[in-house]
Structures are given as C-alpha cells and as structure tokens.
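Asker: Sequence:
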Amino acid sequence: MISLTDTPEEAEFRAEARDWLRANVPGPLPSGDTRDGFAAHLHWERALFDAGWAVVSWPRRYGGRDASLWQWLIFEEEYYAAGAPQRVTQNGIFLLAPTLFEFGTAEQQDTLLPRMAAAQDLWCQGWSEPGAGSDLAAITSRAEAVDGGWRLNGQKTWTTRGAFSTHLFGLFRTDPAAARHRGLTYFLVPLDADGVTVRGFGRLDGDEGFAEVFFDNVHVPADAVLGDPGNGWKVAMSTTGSERGLTLRSPGRFLHTAQRLVALAAAQGDRLRPAVRERVTRAWLNARAYQLFTLNQVTDLVEGRAPGARSSLNKLFWSRLDIELHEIALELLGGEAVLDSPWTRGFQFSLAGPIYAGTNEIQRNIVAERVLGLPRA
0 MISLTDTPEE AEFRAEARDW LRANVPGPLP SGDTRDGFAA HLHWERALFD
50 AGWAVVSWPR RYGGRDASLW QWLIFEEEYY AAGAPQRVTQ NGIFLLAPTL
100 FEFGTAEQQD TLLPRMAAAQ DLWCQGWSEP GAGSDLAAIT SRAEAVDGGW
150 RLNGQKTWTT RGAFSTHLFG LFRTDPAAAR HRGLTYFLVP LDADGVTVRG
200 FGRLDGDEGF AEVFFDNVHV PADAVLGDPG NGWKVAMSTT GSERGLTLRS
250 PGRFLHTAQR LVALAAAQGD RLRPAVRERV TRAWLNARAY QLFTLNQVTD
300 LVEGRAPGAR SSLNKLFWSR LDIELHEIAL ELLGGEAVLD SPWTRGFQFS
350 LAGPIYAGTN EIQRNIVAER VLGLPRA
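If you're matching positions, the sequence shown starts at 0 in numbering that gives the first Met the number 0 and goes up one per residue.
Watch out, some of these pointers could steer you wrong.
[As the list claims (entries may be wrong)] Here are the simulated lysine to any residue pairs, SDA-like style, with alpha carbons at most 25 Å apart:
| hint | residue 1 | residue 2 |
| --- | --- | --- |
| 1 | 233 | 302 |
| 2 | 233 | 150 |
| 3 | 233 | 139 |
| 4 | 233 | 374 |
| 5 | 233 | 145 |
| 6 | 233 | 179 |
| 7 | 233 | 361 |
| 8 | 233 | 132 |
| 9 | 233 | 323 |
| 10 | 233 | 301 |
| 11 | 233 | 189 |
| 12 | 233 | 102 |
| 13 | 233 | 133 |
| 14 | 233 | 136 |
| 15 | 233 | 247 |
| 16 | 233 | 284 |
| 17 | 233 | 296 |
| 18 | 233 | 305 |
| 19 | 233 | 360 |
| 20 | 233 | 346 |
| 21 | 233 | 221 |
| 22 | 233 | 68 |
| 23 | 233 | 367 |
| 24 | 233 | 134 |
| 25 | 233 | 176 |
| 26 | 233 | 252 |
| 27 | 233 | 372 |
| 28 | 233 | 363 |
| 29 | 233 | 182 |
| 30 | 233 | 131 |
| 31 | 233 | 359 |
| 32 | 233 | 181 |
None of these hints come from the bench; they were simulated from the model.
Put together the whole structure using the sequences plus the hints.
Answerer: Encoded structure:
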C-alpha cells in the first residue's frame, strides 16, 4: 500500500531541502541552451554539488546522500516548487548514470560518476543520425575493433547541448552483418578526442546548444564500451527507459506547473469562463494522476520490479500533459502573452515532448504490443 504521508524521516528531509533551496535558488537564469546561460547553470549545478544536493539518491562515495527513491521524489517536488533552474546536467545524471549503475564496471562507476555529479564531465546523448531518428535501430555510425580499442566513424545529429558538452554516450554499429537490433555497441566518447568535430547550430528560437557531431577515425580505448560489445541495444533500452520514465520527468515538474496554472486562472476572477475553469481543473487532476502513477512505479522499483515497456506509458502521459498545461496558460493570457515569457518558452519546448525520447507514435506501438499484448499491425 502506498502512503501519501511523509514519514518523520521524510518530513525532516523535505524541510532540509526546502530550507536550503529557498535560501540558495538564484534568480531567473538565461536559457541553458545558450552559451552564457549554460555557464550560469553550471555555476548553479556546482553549488548543488557542493551542498550535497546534486544527486541525492546516489551513494555518498559518488557525491550523493544515499537518499531513497521516495526522498528523491520529495527533493524533486521541492526543487520545482522553489522555482530552481533547469538541470543542464540531466543527460548525464538522469539518463546515463542509471545505465552506468546497471551495466558499468566498478572502474567505470568510480571514474565517471563523481565527475558527472560535480558537473566536471558534461554528457550529451548520441542517438539520432540523419537517417535514423525515431528508428534507432537504423543507425549507420560504425565502430571497428583495432589494437588497443575501437575506431569510430559516422555522424550524430540533434545532439542536445552537444555544443557545450565534454562527453557523448551513444550507439555505434560493430557488426554490419547482424540483424538491425543486434551488432550494436554502446560507447562513451570524450568530445576532445582526435577526429571528433562538434558543429553547433542555432534553433529558430535563437538557442545554440544543439550540435552535429562527426567521427572521423576516432580511436577510443576498450574501456569506452558500456556493457558488452554487441549488446548495445539492451544497454540503450535501459537509457531510454530512464528517458521515458520518471527519472527525466519527475511529477514535481508538472505539479509545480499545474499550481502556476491554477494561480493564473484564479487571477482572472469572475472573468474566468466555466469551460476554461473545467480545463484547468482537469489539467491539475492529470498532474496529480501522474504523481500517483509514478508513486506506484517507485513501489515496483523498490520491490525489485523493473518498469520495462511501461515506461512508454509515462512518456505518452507527460508529453501530452506538458502541452496541455501550457496551451491553457496561453489561452488565459490571450493578448497579454509575450514571446519571451516563461509560459511561451515553456509551450515552445513542450511541443518537442511528443518527439524526443522516442516519438509518441512509436511509444503507442510499444504499449500496444508489449504492454497490452496486441498483435503487430
């Protein structure tokens, strides 16, 4: 049975986190997808680490607090309630780190995790390629075994914050003759290696963090492989489970946005139309429903049951919820909405939700086939 009431230990943890965040959260920072904004966010990330709040659920030897998953959810709630900045280290600490804990060697964990927690190594994700977006198994970047390691060639694109990162994790094809989902290997690559070219490019909103990354006979050592050679698909599915599930999008994020939406609606007083009031209410309930769903998932995780394909349900729900919350807000603001406001920028970002972490069309297929057991179309 799930208890919705904090234990005394959890209440103490919540109070400590709330007090520290209230005292230390900076004012609004520039977008973390710009060079100046990224630098400002890194200053915040390192302040979090110095105070022991960067990765609360990790072991202390890696910079964490040995907090439980329940306490991590509490911290996330307090983090967003305090209006704290976006985590520009999220690709490392929320996506790669869980995979390192599952598949990494002791040496990889001891070497990489402390630097990741301290925002010394900054990771980007090398999934998409010009001919492989939603279909990850279609990648053509390749790796060949050579004396002392591997030689990488190919191109990755749509690499979020790749222009500012120091390292990349991604899939490369090591056996071209193998079936599509086989013969893939998961690599950890420093972006300052000889033969790596990082080419940043601007988005329509002016942010410049996206990058294309080119590999031209890049040599990496044997220990740059995460998991076993040829087993990259299984390792990558662990990462995508984190990306689609609660690790990347904790309920605290949406609970805070829903509360902001309620406050925005309340400010309209008698001018608030009944139909819009109903939409606001439903959106708030959906945010709470997502919180309860993730509490159930954490119960499973604590009891040793992995979410597997059910993480696609998370992704479908939170990506649509994010759009819904921001669409209603812009409707409430009407002509008062401005292009460079938190609500407007949040709406622009929410529109990418059904695309990144695997398009929602693909997630519906996964849910249909692997959760509901329906036959392939």
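Asker: Now tell me if each hint is right for this structure.
Answerer: Okay, the hints, checked on the actual structure:
A distance of roughly 22 Å separates the Cα atoms of residue 233 and residue 302; the hinted pair therefore holds under the 25 Å criterion. Proposed proximity of residue 233 and residue 150 is supported: the alpha carbons are some 22 Å apart, at most 25 Å. For a cut-off of 25 Å, the pair hint linking residue 233 to residue 139 stands: about 18 Å separates their Cα positions. Taking the CA atoms of residue 233 and residue 374, the gap is near 23 Å; set against the 25 Å cutoff, the hint holds.
Restraint check: the Cα-Cα separation between residue 233 and residue 145 comes to about 24 Å, which is no more than 25 Å; the hinted pair holds. This hinted pair checks out: residue 233 and residue 179 have alpha carbons roughly 13 Å apart, not beyond 25 Å. Between the alpha carbons of residue 233 and residue 361 the distance comes to roughly 17 Å, so the proposed pair stays at or under 25 Å and holds. Pair hint residue 233 plus residue 132 holds up; C-alpha atoms about 18 Å apart against a cutoff of 25 Å.
Restraint check for residue 233 and residue 323: the C-alpha separation of about 33 Å exceeds 25 Å, so the hint is violated. Taking the CA atoms of residue 233 and residue 301, the gap is near 22 Å; set against the 25 Å cutoff, the hint holds. At most 25 Å may separate the alpha-carbon atoms for a hinted pair to count; residue 233 and residue 189 meet this at roughly 22 Å. For the proposed pair residue 233 and residue 102, the alpha carbon gap of about 10 Å is at most 25 Å, so the pair holds.
Proposed proximity of residue 233 and residue 133 is supported: the alpha carbons are some 17 Å apart, at most 25 Å. Using a Cα cut-off of 25 Å, the hinted pair residue 233 and residue 136 holds, with the two alpha carbons roughly 12 Å apart. Pair hint residue 233 plus residue 247 holds up; C-alpha atoms about 19 Å apart against a cutoff of 25 Å. As the CA atoms of residue 233 and residue 284 are separated by approximately 35 Å, the hinted pair breaks the 25 Å bound.
Annotation: proposed proximity of residue 233 to residue 296 holds, straight-line Cα distance about 21 Å (limit 25 Å). Distance check on the hinted pair: residue 233 and residue 305 sit about 14 Å apart at the alpha-carbon level, within 25 Å; holds. Restraint check: the Cα-Cα separation between residue 233 and residue 360 comes to about 21 Å, which is no more than 25 Å; the hinted pair holds. For a cut-off of 25 Å, the pair hint linking residue 233 to residue 346 is broken: about 33 Å separates their Cα positions.
Distance check on the hinted pair: residue 233 and residue 221 sit about 19 Å apart at the alpha-carbon level, within 25 Å; holds. The straight-line distance between the Cα atoms of residue 233 and residue 68 is roughly 24 Å, inside the 25 Å bound, and the hint therefore holds. For the proposed pair residue 233 and residue 367, the alpha carbon gap of about 20 Å is at most 25 Å, so the pair holds. At roughly 15 Å between alpha-carbon atoms, residue 233 and residue 134 fall within 25 Å of each other, so this suggested pair holds.
In summary, the hint linking residue 233 to residue 176 is supported, as the alpha carbons are separated by about 18 Å, within the 25 Å threshold. Distance check on the hinted pair: residue 233 and residue 252 sit about 29 Å apart at the alpha-carbon level, beyond 25 Å; violated. Between residue 233 and residue 372 the alpha-carbon distance is near 21 Å, which keeps this suggested pair within the 25 Å criterion. For the given pair, residue 233 sits about 20 Å from residue 363 by alpha-carbon distance, which is consistent with the 25 Å threshold.
Restraint check for residue 233 and residue 182: the C-alpha separation of about 11 Å stays at or below 25 Å, so the hint holds. Distance check on the hinted pair: residue 233 and residue 131 sit about 18 Å apart at the alpha-carbon level, within 25 Å; holds. For a cut-off of 25 Å, the pair hint linking residue 233 to residue 359 stands: about 21 Å separates their Cα positions. Only pairs whose Cα atoms come within 25 Å are accepted, and residue 233 paired with residue 181 is accepted, the gap being roughly 9 Å.
Violated hints, in rising order: 9, 16, 20, 26; the structure is consistent with all others.
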